[in-house]
Amino acid sequence: MKKLSLACVAAMVMVSCQESMETLTERVFVFAEQQCLLMEQQLSDTNTPRTYTPQGVFVTASLSWRCSGFYPGTLWMVYNQTGNESIREFAEKNSRKLADVEACQASHDLGFQYWNSYGRAYQTTLDTSWLPVIEDASRRLAERFSPKVGCIRSWGA
2 MKKLSLACVA
12 AMVMVSCQES
22 METLTERVFV
32 FAEQQCLLME
42 QQLSDTNTPR
52 TYTPQGVFVT
62 ASLSWRCSGF
72 YPGTLWMVYN
82 QTGNESIREF
92 AEKNSRKLAD
102 VEACQASHDL
112 GFQYWNSYGR
122 AYQTTLDTSW
132 LPVIEDASRR
142 LAERFSPKVG
152 CIRSWGA
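Okay, so the sequence shown: first residue is 2 according to our numbering, each after it adds one.
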């Protein structure tokens, strides 16, 4: 068994040496770009991707879900790598879906929601129109700070 494991590791090393990091990165982002374009066809203005079940069923989540900023963040990263303007349009659209900070103030996950969407949008575009939502989310997160315990409250009151 040990010899088989060593042989598998050796085979993986040899295969990985055949592709440069640049080629691997390009290949991965081409695939990611295709997946983002397909994913966008399955979404509405009121949901975000969440997962696939083991049976392959696509599951969405509401925009107030704590990880709702991950998809727009992914779109911004794919756009930054590929320059695909369709991906940028989807990144902007999916980021702006989260504009209602009120709907997402129930936990400390504001960073997940707003850095990955609005933060990456501002980082990419330097367009200051993204800043008011970032500032509002930052203020709301700071309001969760409890001087009594010296940290930010995760959930609830």
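Just so you know, these hints were derived from the structure itself, not from any lab.
If you're wondering where the values come from, they're calculated on a predicted model, not measured in any experiment.
All C-beta atoms, glycine included, are put in the ideal place defined by N, C-alpha and C.
Incorrect hints may appear among the rest.
Unchecked claim - Using 25 Å as the maximum straight-line C-alpha spacing, the simulated SDA-like pairs for lysine to any residue come out as follows:
#1 K94 to R51
#2 K94 to E23
#3 K149 to S130
#4 K98 to K149
#5 K98 to E136
#6 K149 to Q124
#7 K94 to R141
#8 K94 to K149
#9 K98 to R67
Said to hold, decoys possible - Each pair of labels, with its calculated beta carbon distance range:
#10 Y53 to H109: 22 to 28 Å
#11 R154 to T61: 27 to 33 Å
#12 S45 to F146: 33 to 39 Å
So, going through the hints one by one against the coordinates:
no. : hint                    : in the structure
1   : K94 to R51              : 17 Å, holds
2   : K94 to E23              : 30 Å, violated
3   : K149 to S130            : 35 Å, violated
4   : K98 to K149             : 35 Å, violated
5   : K98 to E136             : 17 Å, holds
6   : K149 to Q124            : 34 Å, violated
7   : K94 to R141             : 23 Å, holds
8   : K94 to K149             : 40 Å, violated
9   : K98 to R67              : 14 Å, holds
10  : Y53 to H109: 22 to 28 Å : 27 Å, holds
11  : R154 to T61: 27 to 33 Å : 28 Å, holds
12  : S45 to F146: 33 to 39 Å : 35 Å, holds
Hints 2, 3, 4, 6, 8, counting from the list given before, are not met by this structure.
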